[in-house]
Amino acid sequence: MRIGKVLQLSVTLLAAAFLLVPTIMSVLAGLTVNYFQGVRSGLTLQWVVKVWELYAGSIFLSLGLALACLAVTLVIGVPAAYALAHNPGRASRAVEEFISLPLAIPGLALALALLQLYGSYRGFRLSWTFILVGHVLYTLPFMVRSVQSVLAAIDLKTLEEGAASLGAGPARRFVDIVVPNALPGILAGALTVVMLSIGEFNLTWMLHTPYLKTLPVGLADSYASMRLEIASAYTLIFFVMIVPLLLAMQWASARAQRITQ
Amino acid sequence: MGQRTRPEDNAVTLTLRNIAKTYPGGNRALFPIDLDVAEGEIVSLLGPSGCGKTTLLRIIAGLETADSGAEIRFKGENMAALPVERRQVGMVFQSYALFPNMSVRGNIGYGLKMQGLPRAQIDARVDEVISLCRLEPCAGRAISALSGGQRQRVALARAFAPRPRLLLLDEPLSALDAVLRGALSDELAALLRAFGITAIFVTHDQDEAMALADRLAVMSQGRVAQIGTPEALYRSPETSLVARFFGNALPLGGRIEGAMLHLPGGSLPLAAPAMGKLAFVRAEDVKLAPDGPVTARVKAVTFLGTHYRIAFTGAAADELFCLHQGTSAPRPGETARLTISPQSILTLNPEKSVA
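Sequences listed follow chains A and B, in order. Residue numbering for the first sequence follows our numbering, beginning at 86 and increasing consecutively. Residue numbering for the second sequence follows our numbering, beginning at -12 and increasing consecutively.
Next up, chain A with everything else stripped away, as it sits in the complex (with noise of 0.2 Å):
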């Protein structure tokens, strides 16, 4: 029993090393004077701000790409959501997989068809739009599916039903009633394609110009020809960044959950 416990614990301690301490060694690193003579070399912020002003446009590039992204799959994905809940039947399930395959293709070869169709439209392949699409067709799924589930937990028809009976017509029905009922779900959609815009490397990395890296691409570009430190530090602020986002995901699933069940 005892021995159990010891060993019990001992396997999850080192499981969580194992993931941890590469983590731990490389935020460290981004904070050390020199790698290679270890952290007796002295801490330092250097390396942070040297990211900061080599990629600070792909930080911010990265924040408005993913808050655009976002607008767009609120947009189309919540009426989407709404019309599939609101029309089961197999014409429903049809288009709900369709919109779900670009998660079962992989990003390059969304990329390459991407490329292949807008890439002579010299404007459009040249401006962050062109990256705004590939985002919106890998995060539209997340969005629809999420809402879709919480609408489908709740008894939408009666409760449209019941708006209508007291004078409300479709519009003021889907502000008044679908929107505010679907919102833990929206919420969870929206963190995930937020995170997920942000952290999208496939396809971005066909699509970017040199003038246009996201996040993730300038990740590959600082590992490829910086010093270690710069890219090392350019992962702390990837963390900074994307940590809070994923405590805030996990906040809002949780909430809908409880509205699912």
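Do not rely on the hints blindly, as some may be mistaken.
To be verified - Derived pair list, reagent style EDC-like, types lysine to aspartate or glutamate, alpha-carbon separation capped at 20 Å:
| hint | chain 1 | residue 1 | chain 2 | residue 2 |
| --- | --- | --- | --- | --- |
| 1 | B | K286 | B | D305 |
| 2 | A | K242 | B | E51 |
| 3 | B | K100 | A | E245 |
| 4 | B | K100 | B | E115 |
| 5 | A | K242 | B | E72 |
| 6 | B | K62 | B | E28 |
| 7 | B | K100 | B | D114 |
| 8 | B | K274 | B | E321 |
| 9 | B | K100 | A | E246 |
| 10 | B | K286 | B | D272 |
| 11 | A | K242 | B | E158 |
Claimed, not checked - Derived list of chain B stretches under chain A, where covered just means 3 residues or more per stretch with a C-beta under 8 Å from a C-beta of chain A:
| hint | segment |
| --- | --- |
| 12 | 92 to 102 |
| 13 | 142 to 152 |
| 14 | 253 to 259 |
Since the hints were derived computationally from the structure, they do not count as laboratory data. No residue lacks a Cβ here, since even glycine has one placed at the ideal position from N, Cα and C.
Given the structure of chain A, go ahead and fit chain B onto it with the hints provided.
Chain B only, in chain A's frame:
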């Protein structure tokens, strides 16, 4: 078609003509129905599940469309073409359909908000309806913090607050447990009377219908079998279906010759000649009598406090039940003699087979 006991002193508010419903597959949910409802009248649509009563209610509300040719007139104005949100009918749903994203006040005030009334007027009316429905203690609560009975009252208050022309209720008490249902059906009846509103409500529960309604429309297989006051339906049902569903009349079987009913256990006189009809009786009209004309064997006796429920065999074609009030009852296996007064035997036409 059923007899119409329309109160003459009141103006007709709602007129339904030729309301039929055929589903795309060709299934007929409703055969053409005509119905008049007087101002302030409470009408119940009563029938077993699947008889079309909810479909009829939803057609009146505008939540379903009737086959073409239907007329839904409200004080002469045809509402059939109006969408639900412009019909000004209040609806209480079986599941109540309260908005979980709004408070009790928010729910009750929603219809008034949709009418575009100023804030002060909405508040005044919400307060008025809240006190009418005695909802003051939970006015500020969230919907999820309400009991079943409170939800039912909030649903009623929400439907009633915008001053609808007509109140429609779909099985308003069926979501509650049996104990609460009895208490709340009296309360609901009192509230509907206090509102003085014209109301139509759907139920499968005969007691609920009698407690709430001025008139009942008994429905079966997409048709209205009979419309009338509870007393009329109970005392003079027009079809065996109404007699069986409303008041639980049992078929006697046997053979009718002139004004005599010949049963396996003996013969009984009828009030009038009824050749070709079927005889029915209710358990409370079967009497034990030492010199009764019908002989029967006691099969089972159940003591129910106020009375005994006795099952007899050998008297009629099937088992015959008797509600016997007295201090003692015969024992199972004994032979007893029964009588039924001629007025208590209902003679009805055989059921028409429905196409």
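Outcome of the hint check:
no.	hint	in the structure
1	K286/B / D305/B	holds (12 Å)
2	K242/A / E51/B	holds (13 Å)
3	K100/B / E245/A	holds (16 Å)
4	K100/B / E115/B	holds (15 Å)
5	K242/A / E72/B	holds (15 Å)
6	K62/B / E28/B	holds (14 Å)
7	K100/B / D114/B	holds (14 Å)
8	K274/B / E321/B	holds (16 Å)
9	K100/B / E246/A	holds (16 Å)
10	K286/B / D272/B	holds (18 Å)
11	K242/A / E158/B	holds (17 Å)
12	92 to 102	holds (count 4)
13	142 to 152	holds (count 3)
14	253 to 259	violated (count 0)
When each numbered hint is compared with the structure, a violation occurs for hint 14 only.
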